[in-house]
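A.B. asks: Using the sequences and the hints given, assemble the complete structure.
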Amino acid sequence: MAENVLSVRDITMQFGGVVAVNNLSLEVNEGEIVSLIGPNGAGKTTAFNVITGVYAPTNGAVSFCGKEIICNHPRGKMAKLYAGENKGKYTKVLEPTPDKITKLGIARTFQNIRLFKELTVLENVLIAKHMRMKANIFADTFRLSYKEERKMKEDCLELLKILDLYDLRDEISSSLPYGKQRHLEIARALATEPKLLLLDEPAAGLNPQETDELTAFIKRIRDQFHLTVFMIEHHMNLVMDISDRIYVIDFGKMIASGVPAEIQNDQRVIDAYLGVAEDE
Amino acid sequence: MNTTTFLQYCLAGISIGGIYAMIAIGYTMVYGILRLINFAHGDIFMMAAYFMIFAMVDFALPWYVSLALVAIATVLLGVFIEKIAYKPLRSAPRMSIMISAIGVSYLLQNLATYLFSALPKGYPQIPFLMTNINLGGISTSVVTFITPILTIIFVVLLMQLINHTKIGMAMRAVSKDFETSQLMGIKINRIISITFVIGCFLAAVGSVLYFTPRPSVYPMAGSLPGLKCFIAAVFGGIGSIPGAVLGGFLIGLCETFIKAAGYSEFSDVFTFLILIVMLLFKPTGLFGEKIAEKV
Amino acid sequence: MSMKKKTICSLIALLIGVVFLVCVNRMTAPTYILRSVLQMGAIYALVAVSMNLLNGFTGLFSLGQAGFMAIGAYAFAIFTIPLESRANVYYLYGMHEAIANVQLPIFAALLLAGVVAALLAFLFGIPVLRLKSDYFAIATLGLAEIIRIIIGSALMNRITNGSLGLKSIPSFPSIFGVIPGFYFPFLISAVCIAIIVLLIRSSYGRAFKAIREDEIAAEAMGINLAKHKRMAFVISSFFAGISGALLAMFLGAITSTTFNIAMTYYILLIVVIGGMGSVTGSVISAFLVIASKEWWLRFLDTELYIGSFQVPLLKNGFRMVVFSVVLMLVVLFFRKGIMGNREFSWEGFFGLFKRKQKKKTGGEQIG
Numbered sequence: 019m020a021e022n023v024l025s026v027r028d029i030t031m032q033f034g035g036v037v038a039v040n041n042l043s044l045e046v047n048e049g050e051i052v053s054l055i056g057p058n059g060a061g062k063t064t065a066f067n068v069i070t071g072v073y074a075p076t077n078g079a080v081s082f083c084g085k086e087i088i089c090n091h092p093r094g095k096m097a098k099l100y101a102g103e104n105k106g107k108y109t110k111v112l113e114p115t116p117d118k119i120t121k122l123g124i125a126r127t128f129q130n131i132r133l134f135k136e137l138t139v140l141e142n143v144l145i146a147k148h149m150r151m152k153a154n155i156f157a158d159t160f161r162l163s164y165k166e167e168r169k170m171k172e173d174c175l176e177l178l179k180i181l182d183l184y185d186l187r188d189e190i191s192s193s194l195p196y197g198k199q200r201h202l203e204i205a206r207a208l209a210t211e212p213k214l215l216l217l218d219e220p221a222a223g224l225n226p227q228e229t230d231e232l233t234a235f236i237k238r239i240r241d242q243f244h245l246t247v248f249m250i251e252h253h254m255n256l257v258m259d260i261s262d263r264i265y266v267i268d269f270g271k272m273i274a275s276g277v278p279a280e281i282q283n284d285q286r287v288i289d290a291y292l293g294v295a296e297d298e
Numbered sequence: 227m228n229t230t231t232f233l234q235y236c237l238a239g240i241s242i243g244g245i246y247a248m249i250a251i252g253y254t255m256v257y258g259i260l261r262l263i264n265f266a267h268g269d270i271f272m273m274a275a276y277f278m279i280f281a282m283v284d285f286a287l288p289w290y291v292s293l294a295l296v297a298i299a300t301v302l303l304g305v306f307i308e309k310i311a312y313k314p315l316r317s318a319p320r321m322s323i324m325i326s327a328i329g330v331s332y333l334l335q336n337l338a339t340y341l342f343s344a345l346p347k348g349y350p351q352i353p354f355l356m357t358n359i360n361l362g363g364i365s366t367s368v369v370t371f372i373t374p375i376l377t378i379i380f381v382v383l384l385m386q387l388i389n390h391t392k393i394g395m396a397m398r399a400v401s402k403d404f405e406t407s408q409l410m411g412i413k414i415n416r417i418i419s420i421t422f423v424i425g426c427f428l429a430a431v432g433s434v435l436y437f438t439p440r441p442s443v444y445p446m447a448g449s450l451p452g453l454k455c456f457i458a459a460v461f462g463g464i465g466s467i468p469g470a471v472l473g474g475f476l477i478g479l480c481e482t483f484i485k486a487a488g489y490s491e492f493s494d495v496f497t498f499l500i501l502i503v504m505l506l507f508k509p510t511g512l513f514g515e516k517i518a519e520k521v
Numbered sequence: 537m538s539m540k541k542k543t544i545c546s547l548i549a550l551l552i553g554v555v556f557l558v559c560v561n562r563m564t565a566p567t568y569i570l571r572s573v574l575q576m577g578a579i580y581a582l583v584a585v586s587m588n589l590l591n592g593f594t595g596l597f598s599l600g601q602a603g604f605m606a607i608g609a610y611a612f613a614i615f616t617i618p619l620e621s622r623a624n625v626y627y628l629y630g631m632h633e634a635i636a637n638v639q640l641p642i643f644a645a646l647l648l649a650g651v652v653a654a655l656l657a658f659l660f661g662i663p664v665l666r667l668k669s670d671y672f673a674i675a676t677l678g679l680a681e682i683i684r685i686i687i688g689s690a691l692m693n694r695i696t697n698g699s700l701g702l703k704s705i706p707s708f709p710s711i712f713g714v715i716p717g718f719y720f721p722f723l724i725s726a727v728c729i730a731i732i733v734l735l736i737r738s739s740y741g742r743a744f745k746a747i748r749e750d751e752i753a754a755e756a757m758g759i760n761l762a763k764h765k766r767m768a769f770v771i772s773s774f775f776a777g778i779s780g781a782l783l784a785m786f787l788g789a790i791t792s793t794t795f796n797i798a799m800t801y802y803i804l805l806i807v808v809i810g811g812m813g814s815v816t817g818s819v820i821s822a823f824l825v826i827a828s829k830e831w832w833l834r835f836l837d838t839e840l841y842i843g844s845f846q847v848p849l850l851k852n853g854f855r856m857v858v859f860s861v862v863l864m865l866v867v868l869f870f871r872k873g874i875m876g877n878r879e880f881s882w883e884g885f886f887g888l889f890k891r892k893q894k895k896k897t898g899g900e901q902i903g
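Chains as they are written, first to last, in our numbering: chain Z, 19 to 298; chain L, 227 to 521; chain W, 537 to 903.
Worth double-checking, as some hints may not be accurate.
As the list claims (entries may be wrong) - Example chain W residues on the side facing chain Z (calculated, C-beta under 7 angstroms, incomplete): (1) E749; (2) A756; (3) I759.
No lab work stands behind these hints, which were simulated from the structure alone.
Each residue gets a CB set at the ideal place from its N, CA and C atoms; glycine is no exception.
C.D. replies: Right under this line is the structure:
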């Protein structure tokens, strides 16, 4: 059995009275490609935002490589308002900011591409390397760390070569075609040297050919960078093709999980996507 | 401090607070709809004072005619500024439109210096506003007394307009979601103009009430009261009219009592401190709504 | 264009600049306006670049620059006014015993000016930097006003001389006794701007730009927002403090009202005209704006008669109106300013001529 990379336990995310994610637990093991699917508004991106530290969960915990990184329980106003389950199970409070999570080795991409638009492709990738820099701001300003800087640049160019973006390195990132922007976002995430890569709808807006290429691309980077991939996707062909396992959520709750073949024939999943006739 | 002086200070504080509230409404409404700190609002307030001097001193018009003219001129100025300086930047980044507002403020100050010179000009007296009245031992001028009353009347009218008319509904819709309300067929430019009309009308009224008990006007006279009123608006929760009114009254009262205690130098420092402390503990102000950024 | 050719071009440009300054120094009378316009330009170039570091590069819309300049100016002035003139300056309140006999060398005081401003920025930054965009702007504006009011208040009478302000501040000293004082502001400004440019081009500078482009993405890339914003704020204030000290030297006398809100607006407008996010833009714009405001547009302020005909509009104050109208035009129609967010490059410079030539040949073909 492969080592457990990500373990989400009883995560509930409540905004005011709305429970966006309800008691979600899931696991992602080393080297796997796992997908999280569900109808629009099911709480998929919210779950990602909890894992990456954008939101502190209302209740629950997240572990990464066996170490607890996020933990919370309903406090303050939420203590009264809380409508989720497992109240009182967690007592610790651990709310790191997103940058700390990224530093631990979890990188992500965004549903609506969030590149540094006015910067070049190379700069976009270099920025992702910044947090690993050892030199302080004075040393870096006065170029006392020029060796480190040079190494950073070489690494980035190497990465761009591997990902077929080398020829575009000096282009302004917003001038790239849409598909390339998606690639660059993944490249930028890879530059943070992650163990776990979270992809939020990587195929959104791509044409069928680009989607096929993406499937191969994700498999390739998984092998080449020894990654574990956890992704949100709506594109069923891609999901069924690529995933080792799939989790399905609807209205914030997990409704099914398993290998693609199981999911395809699961009645609850079909109902969630197609709806159930009311009058039956 | 005995009761009479205490009440006297209270009345003075409420009075200046009422003026702040009226100007703060202009800030809060514009911010609610355009998400813009209208840095020029304080200078529009200053220009209104010069319009009054024009009407009453230079043209020797009776005060009631002057008042109407001042209101009209100020409203026109505000709408004109909106059309010239803010409308072309509708789709620009928020920073640009804020810089434009700063530019307008700078321009108005320089224009006033050019037209009326940097020297203070005497503000015309409206005799009946300055008559002293005696209320149970507290002697005060009519203007101090009617300011809070006028403020309350205008606020009630404004709330009626916003909550119970079609235009008001459109304004609320625009402040909730600019683009969607445009798609729903609301004439956005008209709503924005109306917002400026209301804001500038109140600024004109505020200007008359503010400068009547003061001896003179100068080109920078609007910038500090403007900032204070903006702070009042932030304090009450920007975008919320009752919030702005409450903020205005609160700042007016605090300021008056600090001055009464002999620290008049620091009354402005205190106002800015209120702002910073408020932003730290409740960035949305007293009645503001939280806007979460979507990831 | 090769690296070597560019270096040669830059060296030639630098040489021309130095020769120009030497000529100005040698050939003009000490009271000639060009001298002070250039010096003031250098000082404002520094403060504009420091503001640009925050507003243009890090995306933090700060309106507190004048406050930090005031801190720098006062920190410098208090410790450099010659001991013998202090009784004269502080004639009304006297100077606080603790500092009455402390006098620092100019360079030490200059550094102190920057450090004090940076320290205050560090302290203020802890609460203020948590605020978003326009709230941050209004809070920094408030801070600058608080600083200004406190400096000018009776509370500080024995330190800052309260509302009377300070005078007898030493003028620009000669450097190592060799380079005349005239060059002092240019040298300090150039060194400081060079440091800021190095910073912007470093990995930390890239991180600042990332924050400007997209805070959420920057954080997701592992950039600690609070830490980097604080660094940008502190460094920007450090250089604002130094430029404040330079301004104090230039003016010789300061009061707290020198550093009012209008000054912040003025610096902001220099930055906007130059282009948010362009250092060269800010520098060019600082010299242009100062020259036109203090010199070229002066004639607008004096009444002019041709024969017995009085040219209309010209009278005191018209200069500032024209000036602010130009600013509004830039804000409305040339939103990117002179340079946008690009920097000066020789390719671009020569490209300018080439493009014009192309246009000409193109025109001929049609003709």
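A.B. asks: Could you run down the list of hints and mark each one as holding or not?
C.D. replies: Status of each hint after checking the structure:
no.	hint	in the structure
1	E749	holds, 4 angstroms
2	A756	holds, 5 angstroms
3	I759	holds, 6 angstroms
Checked against the numbered hints above, the structure breaks none of them.
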